[in-house]
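Let the sequences and hints guide you as you build the complete structure.
Below, each chain spelled out in residue letters.
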Amino acid sequence: MASHKQYWKSEAELTNNPVVDQLAQNEFTEKLPVNDFLEQESTLKDSQSTRRDFLKFLGFSTAAATLAACEGPVKKSIPYVIQPDEIVPGVANYYATTIADGYDFASILVKTREGRPIKIENNDRATLFGGANARVQASVLNLYDKNRLQGPEASGSAISWDDLDAAVIARLESAKNTGKKVVVLSGTKASPSYLKAIEALKSKYANVEYHTYDAISSASALDAFELAYGERALADYDLSEADIIVSFDADFLGDWQGGGYSKAYAKNRVPHHGKMSHHVQMESNMTLSGANADKRIPLTTVEQKRALAALYNALNGVSASESSTAISGHINAMAQRLKTAGSRAVVLCGIDDRDAQLITLSINEFLNSDAFDVAKPKYVRSASASVLEDIVTAANKGEIGAILIDGVNPIYSAPDTDAFAAALGQIGFSVTSSFSLTETAAASTFVASASHFLESWGDVEIKKGHYGITQPVIRNLFDTRQFEQSLLVWSGLSETYHDFIQNNWRGSILNGSSWSQAVQDGVFYRSQSTPSTFIVSNTDLESAVNKLSSSSSNGIELVLYTKTGMGDGQMANNPWLQEFPDPISRASWDNYLTISKADALAYGLENVNVANGGLDGSYVTLKVGDVSLNRVPVLIQPGQAKGTVGLALGYGRKLGIQDEMQTGVNAYSLYLGQSKVQSVTIEKERGMHEFACVQLHKTLMGRGDIIKETTLEDFISKPSEEWNPTPMVSLDHQEVPATSVDLWESFDRTVGHHFNLSIDLNACTGCGACVIACHAENNVPVVGKHEIRVSRDMHWLRIDRYYSSEESFIEDTEKKENLDGLFGDNGSLSGFGSMEDPSENPQVAFQPVMCQHCNHAPCETVCPVAATSHSRQGHNHMAYNRCIGTRYCANNCPYKVRRFNWFLYSQNDEFDFHMNNDLGRMVLNPDVNVRSRGVMEKCSMCIQRTQKTILDAKAEGRTIKDGEFQTACSAACDTGALVFGDINDKESRVAKLKESERMYHLLEHVGTQPNVFYHVKVRNTEKA
Amino acid sequence: MASHYEAPIRKPLVTGSKSYSDVSNDIARPVEGKANKQWWIVFSIALVAFLWGLGSIIYTIATGIGVWGLNKTVNWAWDITNFVWWVGIGHAGTLISAVLLLFRQKWRMAINRSAEAMTIFSVIQAGLFPIIHMGRPWLAFWVLPIPNQYGSLWVNFNSPLLWDVFAISTYLSVSLVFWWTGLLPDFAMIRDRAVRPFQKKIYSLLSFGWTGRAKDWQRFEEVSLVLAGLATPLVLSVHTIVSFDFATSVIPGWHTTIFPPYFVAGAIFSGFAMVNTLLIIMRKVVGFEDYITLQHIELMNIVIMITGSIVGCAYITELFIAWYSGVEYEQYAFLNRATGPYAWAYWSMMTCNVFSPQFMWIKKLRTSIMFSFFISIVVNIGMWFERFVIIVTSLHRDYLPSSWTMFSPTFVDIGIFIGTIGFFFVLFLLYSRTFPVIAQAEVKSILKSSADNYKALRAEGKPLYEMPPRGKVTTYEVEESNTNLTTDH
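The listed protein sequences derive, respectively, from chains A and B. Under our numbering, the first sequence has 63 at position 70, and the numbering climbs by one with no breaks. Under our numbering, the second sequence has 169 at position 158, and the numbering climbs by one with no breaks.
Since the hints were made in silico from the structure, they are not lab data. Some clues are possibly wrong.
Claimed, not checked - Beta-carbon label-pair distances, calculated as ranges:
| # | chain 1 | residue 1 | chain 2 | residue 2 | range |
| --- | --- | --- | --- | --- | --- |
| 1 | A | 723 | B | 292 | 50 to 60 Å |
| 2 | A | 594 | B | 373 | 45 to 55 Å |
| 3 | B | 292 | A | 597 | 46 to 56 Å |
| 4 | B | 159 | A | 49 | 57 to 67 Å |
C-beta: ideal position from N, C-alpha, C; glycine also.
Here is the structure:
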């Protein structure tokens, strides 16, 4: 049917207005004749627009305007005006830098994406101190701390740097004129340029005095070293050179004298050609080092001193007797072994006593230990124990006119905070350069907002001749300034600190080497050693030994220590570290009094698990002298020496940190005279404390196939079938290896990559750096204390810690295998019951567990929507978008490594951690998505990293070298316990490790065929 | 009399010498009358419980599964316990209506309607849990094999949870059809009696135009048989598949080949107990003592006793096999059940499920209404604990001791469970006021199944049949005509 519709382009055309024709004739269009139209009243009247049409237009345009006014999704991305050459969106840049915060010293690499630092990696160009521990790994999050100071302040209100500088300079001048001292107080810097900047200030104001203050002191070791070698430094130890390590309370795998020993230690802990080191630890608290020792003897500090003296005497030919030490048998045998080992032995000492340190130095001198290095000592601690008292005394005398404090927080970390606060008041003028509004900053006249180390220049001489450079990897996020720059300003120098360092280095350190190269490497070495001679007379040693052997006990000993996750407490506002489970107790978000079971019984203290599993502990009041600390929760610690209790420093901060992070009690108030051992009285209090402990069951229950163990002797002399048996199953009444029974048809795995992760239980010290690295790499959410308490931690990678129930794990397994019947002494009922309790001095085993990426994964078959499935490269994939959250996979996982998003953990005020603010979210890795609530998540074997490696190699048209494939955990592991790679590359390290006799799979009998494998733990126990 | 052998006479299935019109009147009474005070009280309580549960569900979906007491180790607890419990309860209805139909057990006729209603209402409760236990329930439709725009993205046919989806939905739909088919003549009866137009309209719709022609009845009988044939394998398959959720896993305590028969027996066990609970109350409240007789209750008690004993055997077999397997993880799982932190749950289960039904061997007890009611409650508590024991005690201590923990429910867990009980009773109470709760058409066929009364008449010397008085066609006939439409055959 033909249409009678007329089509027209405008009303004018419809009404046959001549204008249309006229316009159509025109070659070039003219202006629309609007005026002609509007001016003619008749035309307007002829218009066909009715009132209703008008209302339609009005309605439409109003709606359109309203819609246009609605806020669409705002993307806060601002393009570069001029794009820097080195920044390619999507490609990470790595910069070498050094952390030296007065407590942690390490050479690191910083991964930046689009200019944002997001991850700390180990610096493999550093031969020493190149391993970032858990705190250093976490330090990047501090950069994005919303509680940071964002500009200088004077008594709570913002001021400008100019005003601050003017006030400081005026005060410095007036102090100079009145002849009063100006004190500069910082933590240990070990920085040549920092010292030079201080010198610059001194050259302008001669009344300047510089003091260092270590919140956690190594003063006794420094004093002893100074006495013995004439330099205030710390002896260094290369534990890879030691076949016998005897440690008296030195937690060298923890934070003893700055730490950093684990890499060398682990090197000699993996049996090579049938040899590995033997490690004896005498200590009161259960430490990481004690947990890794072949033999651990729990002793009170007094007993340790006596044992040390006895060992010294035994080495000098006087055998230890019952009267000289409680462990005379051990000491005599030890002395014999040390003598036999000679220079291959080393003795370490963590006793806070100058005499003990002196004797240790002399023993190592006597042994001529290869591991003992005094020619190139370490400078990571410097302060004397009395520095604060001296300042307080001088202040009270009115001798100090101003105090400039850099970073340290004595009003929190001093034993007597009131005295120091009063001294600040007495001085009347104090400037504190601080990262957040700490207790000290809040009490100061001026607060100079400090830059994060990732925003700062700096240098450090960690060890003699071993330099590190700190370079900024991002511009100051806020109006902050590093203290060194302030020093230069106050000295009247116009240089930037960058130029200042560079000039200093060119002048006195580089000696012609390239500055750029040094900055690029982050480390610089200069062969520089002073032949050190031991200059202590025998009579002095005699008197020291006598003092040690005559030391006597004085009630219960409180041994203060630092936790792997918290250190001295300066990173207390870091949620990753708060949630980091302590490697030993596996408790997070707390410090607590560790006590032996026997002592707990005596005081009526208990630990109980409530209905949801959560751990509760009694409260006590601690009294040291006149100082008392209330409501300290108690955690019963297997291996704690009877007569001692332990308490971690670094907790209980109140100012400058958010409510959630104000955890624990401040043990610094008991750190009298900066001595870690105090005589304490304990009183039980009412009520129970709620702990957040991620591992509620302490023992292995005799399940020797979970952590396979053997002794060095068996390892050498017996076939691997005896100490690493293959699990067998019965198939048609024939015993066959469990892995040979298979329901599935496997596809061809020889093509492409096949990733495997090797975990050596001998090399793993349980330090937990990998846990934080995984947290940072994979945007793992922080869930807070309550969620951890109810067993909802989100860690993709955990380090299980088990205690033996008998003296050793091997005895546990034997006991379980010899259980007979249900009832009676040797029956299953009582037997399994008693296996739940750890021994008084248990063996300890660590086992990192992450998704095992099973080739026959139980999780994959049960997901109704196929959200988890297998890759050709060996990954067990998790498609978050597909997950509907039935949690069946987590139930069916024999390793319990799957983690569920019980709530929305990002951008949720209930979980007010870094993912809940724009600043904190800057640390998120853009390559890994943030999971929403209701989905399951788990270790992905860092697929974003392996894919990157594959794509890079593809783009460059080359094959991938061994070692290029890394996961966050394997990259963070400086002991070499975690090795990742492609087993289809037969020459790769991981392929070779898989062929090792020590290799086993976790729960192999289940038939899951994991792509993660472990190495049997070998203990060098027989010889002791 | 003693001169010849006299065969025993069947006991009457309906007592009280009911006539056809009595049956119609009795069964229509609750629908036509007004609810009494008791009904309103019970209904209000159930409604409050339901609303509380609804609130808890909304809170869960709005906030996250974290409001429950679950954790990284125990990822299922009350949710799936409740799910299996409700599904199990549902089984009795199908067993009574389908299996007993095929076995021509006529005593089922008085109870099959309500038992089936119970099935449907409990499957509705059960069906809630798999959906609300999801982390992202708004994506629940992803478990259906719907063609989608993602190419080959398909559900995982290996997953027992997917089998559950099919099993439960098939079960619900077959049960519903079966139930409704049986309801058609009864709805028609109510429709025909109805005087108010609205009521008549509604029941006309519900009865799908049933006319009572011979063809209707023939089709009715055929469909009933076919559906009974379809439903019978479902009695076995549904709980078998539910048990696969556990049996196909690798978790010690779940990974057990005995689960399918054990779960089916347990389901029938709990289902009969729930039928007893409901009917003992209903026969009293609605006055159905003549239809749901002591004989019914006794027969149900016998089924409870037998299935309870089967379940008991299964428990002991599990223990034996765990020991006999020589697998230390299996051994520990069962040792831990019986002696670990959740031993109280295990022994509650043992007491309720294995020991308590053994009382039914005693005739006096199994014919006691009060005792039967008590045991029916005990059994349902026991069966809830059975599922709790299987799920929670297996999960809370599995392979790696580092992950061992405990589970404790939150108020939301409890709220949702109570809510489903409330929801169930809301549905059942509404049903009891609006549906013919006894299959009256069928019951009319068994009114004369016993010769008891004839024997009595003969003993009294009265004639066995009396002709109606002549010439007196009374209104009686007129009154009866309505009923006759639907019941004569």
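Do the hints match the structure? See the list:
The given range of 50 to 60 Å is respected by residue 723(A) and residue 292(B), whose C-beta atoms sit roughly 53 Å from each other. Range check, residue 594(A) to residue 373(B): about 52 Å between beta-carbon atoms, so the 45 to 55 Å window is met. Take residue 292(B) and residue 597(A): their Cβ atoms lie about 53 Å apart, and the range 46 to 56 Å holds. As the Cβ distance of residue 159(B) to residue 49(A) is approximately 40 Å, the hint placing it in 57 to 67 Å is violated.
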